[in-house]
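J.: Please construct the entire structure, taking both the sequences and the accompanying hints into account.
Heads up, the sequence shown is in my numbering, so the first residue is 5 and it goes up one at a time.
Bear in mind the hints are in silico, worked out from the structure with no lab data behind them. The model shown is predicted, which means the values in this text are computed figures rather than measured ones. Please note that a few of the clues may not be correct.
No farther apart than 20 Å at their CA atoms in a straight line, the calculated lysine to any residue pairs in the SDA-like style are these [unchecked claim]:
1. K42 with E74
2. K35 with G20
3. K17 with P76
4. K42 with D28
5. K35 with R45
6. K42 with I7
7. K35 with E46
8. K35 with P76
9. K17 with A29
10. K17 with I63
11. K35 with A62
DEER-style ranges, computed between Cβ atoms [to be verified]:
12. A70 with R19: 17 to 25 Å
13. S33 with E74: 30 to 38 Å
14. L21 with A67: 27 to 35 Å
15. I14 with R45: 14 to 22 Å
16. K42 with I63: 18 to 26 Å
17. L49 with I13: 19 to 27 Å
18. Y53 with I14: 12 to 20 Å
19. S48 with V25: 16 to 24 Å
20. A67 with E38: 14 to 22 Å
21. D64 with R19: 14 to 22 Å
22. K35 with P71: 23 to 31 Å
23. S48 with R69: 27 to 35 Å
24. D6 with K35: 15 to 23 Å
25. A67 with H31: 19 to 27 Å
Even glycine gets a Cβ: it sits at the ideal position worked out from N, Cα and C.
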Amino acid sequence: MDIFAENLIILRKARGLSRQVVSDAVHISAKSYERYEKNEREPSLSIAYALADFYGVAIDQLAGRAPLPENPEKGA
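T.: Here's what the structure looks like:
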């Protein structure tokens with residue numbers, strides 16, 4: 005699995021959120037978000053930034069270029 009997709013799953017599950025809650029927060033469909041988690045599609049840069057902002061992490065952390073916070077429930 006791609007690290008970006010894996011990190012989306014880690015962050016969402018650590019917060020106990022549904023895909024629908026996350027997708028609503030960043031104004032995309034739940035199906036689009038599901039495809040990102042399943043590594044079937046890659047988000048646009050603007051959506052990637054929105055996801056990073058939502059989870060409170062840097063885009064480099066989301067993309068796997070830097071480690072996620074030790075406590076992913078709270079973000080960076």
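J.: Next step is simple, just say for each hint if it's right about the structure.
T.: Hint check:
no.	hint	in the structure
1	K42 with E74	23 Å, violated
2	K35 with G20	18 Å, holds
3	K17 with P76	9 Å, holds
4	K42 with D28	18 Å, holds
5	K35 with R45	11 Å, holds
6	K42 with I7	11 Å, holds
7	K35 with E46	13 Å, holds
8	K35 with P76	24 Å, violated
9	K17 with A29	15 Å, holds
10	K17 with I63	18 Å, holds
11	K35 with A62	24 Å, violated
12	A70 with R19: 17 to 25 Å	19 Å, holds
13	S33 with E74: 30 to 38 Å	32 Å, holds
14	L21 with A67: 27 to 35 Å	20 Å, violated
15	I14 with R45: 14 to 22 Å	19 Å, holds
16	K42 with I63: 18 to 26 Å	20 Å, holds
17	L49 with I13: 19 to 27 Å	20 Å, holds
18	Y53 with I14: 12 to 20 Å	18 Å, holds
19	S48 with V25: 16 to 24 Å	20 Å, holds
20	A67 with E38: 14 to 22 Å	19 Å, holds
21	D64 with R19: 14 to 22 Å	20 Å, holds
22	K35 with P71: 23 to 31 Å	30 Å, holds
23	S48 with R69: 27 to 35 Å	18 Å, violated
24	D6 with K35: 15 to 23 Å	18 Å, holds
25	A67 with H31: 19 to 27 Å	21 Å, holds
Violation of the numbered hints given earlier is confined to hints 1, 8, 11, 14, 23; the remaining hints are satisfied by the structure.
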